[in-house]
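Student: Here are the chains, one letter per residue:
Number of protein chains: 2
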Amino acid sequence: MALAKEKIYEPLNEDSAVVLVKDLGLFEKEILLECEEIGDGNLNLVFRIADRLNNKSVIIKQALPYAKVVGESWPLTLQRAQIEADALKIYHQHTPNLVPKVHYTNNDLAVTIMEDLSHLKITRSGLIEGESYPLLSGHIGEFLAKSLFYTSDYYLTPPAKKALAKKFYNPELCKITEDLVFTDPFFNSETNEFEEELTDDVQKLWNDLVLKLEAAKLKKSFLTEGEALIHGDLHTGSIFSSNEETKVIDPEFAFFGPIGFDIGQFFANLLFQIISDTGKEKIILDHISNTWNSFQTIYSDLWLSESHEKYTRVEGYLDYVLKKCLQDAIGFAGCELIRRTIGLAHVQDLDGIPSFDKRLQAKRNSLSLGREMIVHRADFQEISGFIDYLRTFQF
Amino acid sequence: MALAKEKIYEPLNEDSAVVLVKDLGLFEKEILLECEEIGDGNLNLVFRIADRLNNKSVIIKQALPYAKVVGESWPLTLQRAQIEADALKIYHQHTPNLVPKVHYTNNDLAVTIMEDLSHLKITRSGLIEGESYPLLSGHIGEFLAKSLFYTSDYYLTPPAKKALAKKFYNPELCKITEDLVFTDPFFNSETNEFEEELTDDVQKLWNDLVLKLEAAKLKKSFLTEGEALIHGDLHTGSIFSSNEETKVIDPEFAFFGPIGFDIGQFFANLLFQIISDTGKEKIILDHISNTWNSFQTIYSDLWLSESHEKYTRVEGYLDYVLKKCLQDAIGFAGCELIRRTIGLAHVQDLDGIPSFDKRLQAKRNSLSLGREMIVHRADFQEISGFIDYLRTFQF
Numbered sequence: 001m002a003l004a005k006e007k008i009y010e011p012l013n014e015d016s017a018v019v020l021v022k023d024l025g026l027f028e029k030e031i032l033l034e035c036e037e038i039g040d041g042n043l044n045l046v047f048r049i050a051d052r053l054n055n056k057s058v059i060i061k062q063a064l065p066y067a068k069v070v071g072e073s074w075p076l077t078l079q080r081a082q083i084e085a086d087a088l089k090i091y092h093q094h095t096p097n098l099v100p101k102v103h104y105t106n107n108d109l110a111v112t113i114m115e116d117l118s119h120l121k122i123t124r125s126g127l128i129e130g131e132s133y134p135l136l137s138g139h140i141g142e143f144l145a146k147s148l149f150y151t152s153d154y155y156l157t158p159p160a161k162k163a164l165a166k167k168f169y170n171p172e173l174c175k176i177t178e179d180l181v182f183t184d185p186f187f188n189s190e191t192n193e194f195e196e197e198l199t200d201d202v203q204k205l206w207n208d209l210v211l212k213l214e215a216a217k218l219k220k221s222f223l224t225e226g227e228a229l230i231h232g233d234l235h236t237g238s239i240f241s242s243n244e245e246t247k248v249i250d251p252e253f254a255f256f257g258p259i260g261f262d263i264g265q266f267f268a269n270l271l272f273q274i275i276s277d278t279g280k281e282k283i284i285l286d287h288i289s290n291t292w293n294s295f296q297t298i299y300s301d302l303w304l305s306e307s308h309e310k311y312t313r314v315e316g317y318l319d320y321v322l323k324k325c326l327q328d329a330i331g332f333a334g335c336e337l338i339r340r341t342i343g344l345a346h347v348q349d350l351d352g353i354p355s356f357d358k359r360l361q362a363k364r365n366s367l368s369l370g371r372e373m374i375v376h377r378a379d380f381q382e383i384s385g386f387i388d389y390l391r392t393f394q395f
Numbered sequence: 001m002a003l004a005k006e007k008i009y010e011p012l013n014e015d016s017a018v019v020l021v022k023d024l025g026l027f028e029k030e031i032l033l034e035c036e037e038i039g040d041g042n043l044n045l046v047f048r049i050a051d052r053l054n055n056k057s058v059i060i061k062q063a064l065p066y067a068k069v070v071g072e073s074w075p076l077t078l079q080r081a082q083i084e085a086d087a088l089k090i091y092h093q094h095t096p097n098l099v100p101k102v103h104y105t106n107n108d109l110a111v112t113i114m115e116d117l118s119h120l121k122i123t124r125s126g127l128i129e130g131e132s133y134p135l136l137s138g139h140i141g142e143f144l145a146k147s148l149f150y151t152s153d154y155y156l157t158p159p160a161k162k163a164l165a166k167k168f169y170n171p172e173l174c175k176i177t178e179d180l181v182f183t184d185p186f187f188n189s190e191t192n193e194f195e196e197e198l199t200d201d202v203q204k205l206w207n208d209l210v211l212k213l214e215a216a217k218l219k220k221s222f223l224t225e226g227e228a229l230i231h232g233d234l235h236t237g238s239i240f241s242s243n244e245e246t247k248v249i250d251p252e253f254a255f256f257g258p259i260g261f262d263i264g265q266f267f268a269n270l271l272f273q274i275i276s277d278t279g280k281e282k283i284i285l286d287h288i289s290n291t292w293n294s295f296q297t298i299y300s301d302l303w304l305s306e307s308h309e310k311y312t313r314v315e316g317y318l319d320y321v322l323k324k325c326l327q328d329a330i331g332f333a334g335c336e337l338i339r340r341t342i343g344l345a346h347v348q349d350l351d352g353i354p355s356f357d358k359r360l361q362a363k364r365n366s367l368s369l370g371r372e373m374i375v376h377r378a379d380f381q382e383i384s385g386f387i388d389y390l391r392t393f394q395f
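The listed protein sequences correspond, in order, to chains A and B.
Each residue of the first sequence is one higher than the last, beginning at 1 in this note's numbering.
Each residue of the second sequence is one higher than the last, beginning at 1 in this note's numbering.
The reader is advised that the hints may include incorrect statements.
Given that identical chains are not distinguished, each listed pair holds provided it fits within a single copy or across any two copies.
[As the list claims (entries may be wrong)] With a straight-line Cα cutoff of 25 Å, these simulated BS3-like cross-link-like pairs (lysine-lysine) come out:
no.: 1; residue 1: K89; residue 2: K56
no.: 2; residue 1: K282; residue 2: K166
no.: 3; residue 1: K310; residue 2: K217
no.: 4; residue 1: K358; residue 2: K167
no.: 5; residue 1: K89; residue 2: K175
no.: 6; residue 1: K175; residue 2: K310
no.: 7; residue 1: K204; residue 2: K101
no.: 8; residue 1: K22; residue 2: K166
no.: 9; residue 1: K204; residue 2: K310
no.: 10; residue 1: K280; residue 2: K22
no.: 11; residue 1: K121; residue 2: K310
no.: 12; residue 1: K217; residue 2: K324
no.: 13; residue 1: K89; residue 2: K166
no.: 14; residue 1: K323; residue 2: K217
I should point out that these hints are in silico values taken from the structure, not numbers from a laboratory.
Every value quoted in this text rests on a predicted model; they were computed, and no experiment measured them.
Let the sequences and hints guide you as you build the complete structure.
Tutor: Here it is, written out as structure tokens:
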């Protein structure tokens with residue numbers, strides 16, 4: 001086990017990746033393995049290693065010591081590989097059907113070897129191509145309910161929760177979100193990227209003090225509220241789907257934050273589908289509604305049956321927690337709509353709209369919907385009111 | 001330096017305490033030292049060591065591995081000595097005039113050697129004896145503003161704040177507060193202690209679902225909101241005073257929590273003075289008002305002059321942060337009023353009232369004022385409204 005015992009970090013290549021999985025006994029020594037680097041290469045290397053003869057394969061994910069998206073000048077510690085592996089293990093305890101199985105982790109190499117999900121498709125791509133994924137929202141609602149309940153002070157004792165929160169100390173990846181989601185898009189920042197034709201709209205947004213005050217409050221919540229272990233990057237590119245299965249991947253941004261954040265990011269990334277194609281309104285609104293209802297039902301059941309906290313029996317407390325979560329989610333979703341439109345990291349849902357005019361209009365809609373959701377989030381008492389609002393929004 | 005180099009914890013006694021300070025060179029080898037254990041003995045040993053000849057003295061504080069208040073059956077790690085010393089050092093950076101100077105710390109022995117403040121009096125005792133401490137509220141307002149600003153995300157970068165929060169991981173002492181302040185007094189718990197004559201009042205409180213829902217929200221805030229480094233136990237027994245000086249001691253409960261907590265605990269422990277003697281209303285209400293105004297003025301100045309956070313320039317954000325802080329403080333103060341009346345740890349302000357009938361009435365007033373402050377905290381927009389409310393309260 002030469003590589004697996006190696007304490008010095010070095011990026012893997014297709015040859016050394018094969019050596020590693022054979023050293024670890026994940027495949028027979030003599031078997032022929034195919035290896036391919038399939039990552040998008042922003043923060044990590046991703047290798048798919050397949051034994052075609054026995055129809056067996058695994059994924060090796062290795063963290064890079066920098067973020068490629070902004071060049072090698074943005075260094076990142078490798079600790080996030082451990083965060084990701086630790087989060088996947090926790091998710092696996094509570095929702096084994098909704099995350100890849102982890103075969104092996106090595107913190108020195110910043111490597112996680114896990115189940116190959118190549119038979120599934122990245123949900124964002126599938127939705128863009130017209131898939132509807134009927135089980136997606138039920139599955140994600142279950143994932144959210146269980147991951148956000150079982151890591152909270154309601155299920156864990158407060159000391160156990162604090163010990164877990166300390167393990168998920170993740171300042172660098174939090175900072176990416178603090179800057180790129182909550183700050184830069186709302187100010188004239190170097191990282192922003194948008195079409196020249198949007199300049200007036202963006203200037204208006206930067207001068208919108210009502211919006212900025214509400215964005216400040218949402219950023220404060222992200223900075224200070226450790227409600228439970230959140231995934232931290234739960235967009236449709238972090239979910240694999242088919243018509244039967246759903247798998248959440250890539251929790252390297254995981255930390256203890258406000259539980260509405262994961263829900264909001266998922267909502268926003270579904271909304272891009274309506275913004276880019278109003279014909280999908282029904283299917284997407286059903287997904288949003290169903291995500292929330294599935295989350296709420298399962299979370300409420302766990303609250304009643306598995307909480308050690310005496311106050312969870314007090315009438316009105318669950319409603320308070322759920323309402324705060326919904327309103328936070330709508331606000332966080334608004335931030336995601338704006339930052340994916342004019343910030344550093346865009347989405348294919350919008351950037352892939354072929355017609356320039358339609359693309360511009362979709363981006364303007366994304367900005368104005370994001371703005372309204374941030375500013376008016378406290379008006380929504382239930383998911384149905386939010387869905388009604390979305391139905392009347394002029395996309 | 002035999003003792004100072006010793007890695008094995010053992011409680012000091014008056015002899016070994018003297019050996020320690022001489023080993024450390026804090027006093028001349030040959031000098032005659034007087035040593036006295038002066039602690040209240042709940043959680044710590046406290047020795048005062050004096051060189052009468054040269055008029056020099058120090059305090060040694062050593063953590064005990066258990067909480068004596070509930071017998072040796074409540075074990076506590078010794079890590080809190082380090083938390084306390086680390087917090088004192090941070091406070092010393094920003095308000096050197098308002099905390100004792102730390103001469104030496106040893107985490108293995110759980111020992112902190114610090115400035116002797118015997119020329120001052122514990123503020124609770126002084127107030128009970130009729131002292132007015134004219135500088136107290138201005139000093140505490142300054143202490144609160146600086147300690148709560150300089151450890152927040154507004155002054156520290158978010159990664160630096162997270163690193164500091166990790167250092168102040170303090171689950172055991174937090175749990176004492178979570179249980180004894182936020183939970184036990186609101187339920188029929190074994191730890192509660194109150195006069196039989198209060199049984200009806202207490203039963204009413206336990207059945208008050210409006211109150212319990214609001215107490216649940218305040219507990220949630222304490223469990224999840226890491227706004228800044230809070231002292232965590234800032235009652236009038238944790239402050240030394242004279243007419244010229246104020247010194248904050250005992251930050252062993254320090255952790256990253258909601259900033260209104262320290263302010264609320266101080267408010268409540270001042271309020272016990274009115275509750276036990278309405279003749280002190282003016283002097284105490286002036287202290288409460290002045291604490292807030294001093295806090296608000298200094299915090300606002302720092303916010304404008306020393307924040308790196310872009311959003312601090314957005315109109316309304318400072319008001320939002322201050323209003324949340326005030327309302328939280330009033331709610332936390334309400335919890336403190338209730339728990340010091342019927343919970344495990346009482347205060348001399350109430351328990352020392354000689355007349356049984358007056359004592360009972362004072363305790364009833366404490367319960368009902370606490371209840372109102374918790375339930376109606378969101379009605380207060382400014383400190384003046386809260387002071388007006390207190391003026392009309394029937395003590």
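Student: Does each hint hold? Answer for all of them.
Tutor: Now for the hints, and whether the structure bears them out:
In this homomeric assembly, K89 and K56 come within 25 Å of each other (Cα to Cα) only inside a single copy, at 22 Å, whereas the closest approach across copies is 58 Å. In the homo-oligomer, the alpha carbons of K282 and K166 never lie at most 25 Å apart, since the shortest distance is 42 Å inside one protomer and 45 Å across protomers. When the C-alpha separation of K310 and K217 is checked against a cutoff of 25 Å, the pair qualifies only between copies, where the shortest distance is 13 Å, while the shortest distance within a copy is 29 Å. Taking the shortest Cα distances, K358 and K167 never come within 25 Å of each other, neither inside one copy (46 Å) nor across copies (51 Å).
Proximity of K89 to K175 under the C-alpha cut-off of 25 Å is restricted to the intra-copy arrangement: shortest distance 24 Å within a copy versus 27 Å between copies. Taking the closest pair of Cα atoms, K175 and K310 come within 25 Å of each other only across two copies (14 Å); inside a single copy the shortest separation is 35 Å, beyond that limit. Taking the shortest Cα distances, K204 and K101 never come within 25 Å of each other, neither inside one copy (47 Å) nor across copies (52 Å). Proximity of K22 and K166 under a CA criterion of 25 Å is satisfied in neither setting, with 34 Å inside one chain copy and 39 Å between copies.
For the homomeric pair K204 and K310, the shortest alpha-carbon distance between copies (18 Å) is at most 25 Å, but the shortest distance inside one copy (48 Å) is not. Taking the closest pair of Cα atoms, K280 and K22 never come within 25 Å of each other, the shortest separation being 46 Å inside a single copy and 80 Å across copies. Proximity of K121 and K310 under a CA criterion of 25 Å is satisfied in neither setting, with 43 Å inside one chain copy and 39 Å between copies. Taking identical chains as interchangeable, the C-alpha atoms of K217 and K324 lie at most 25 Å apart whether they share a chain (13 Å) or sit on different chains (11 Å).
For the homomeric pair K89 and K166, the shortest alpha-carbon distances inside one copy (16 Å) and between copies (22 Å) are both at most 25 Å. Taking the closest pair of Cα atoms, K323 and K217 come within 25 Å of each other both inside a single copy (17 Å) and across two copies (13 Å).
When the structure is compared with the earlier hints, violations turn up for hints 2, 4, 7, 8, 10 and 11 and for no others.
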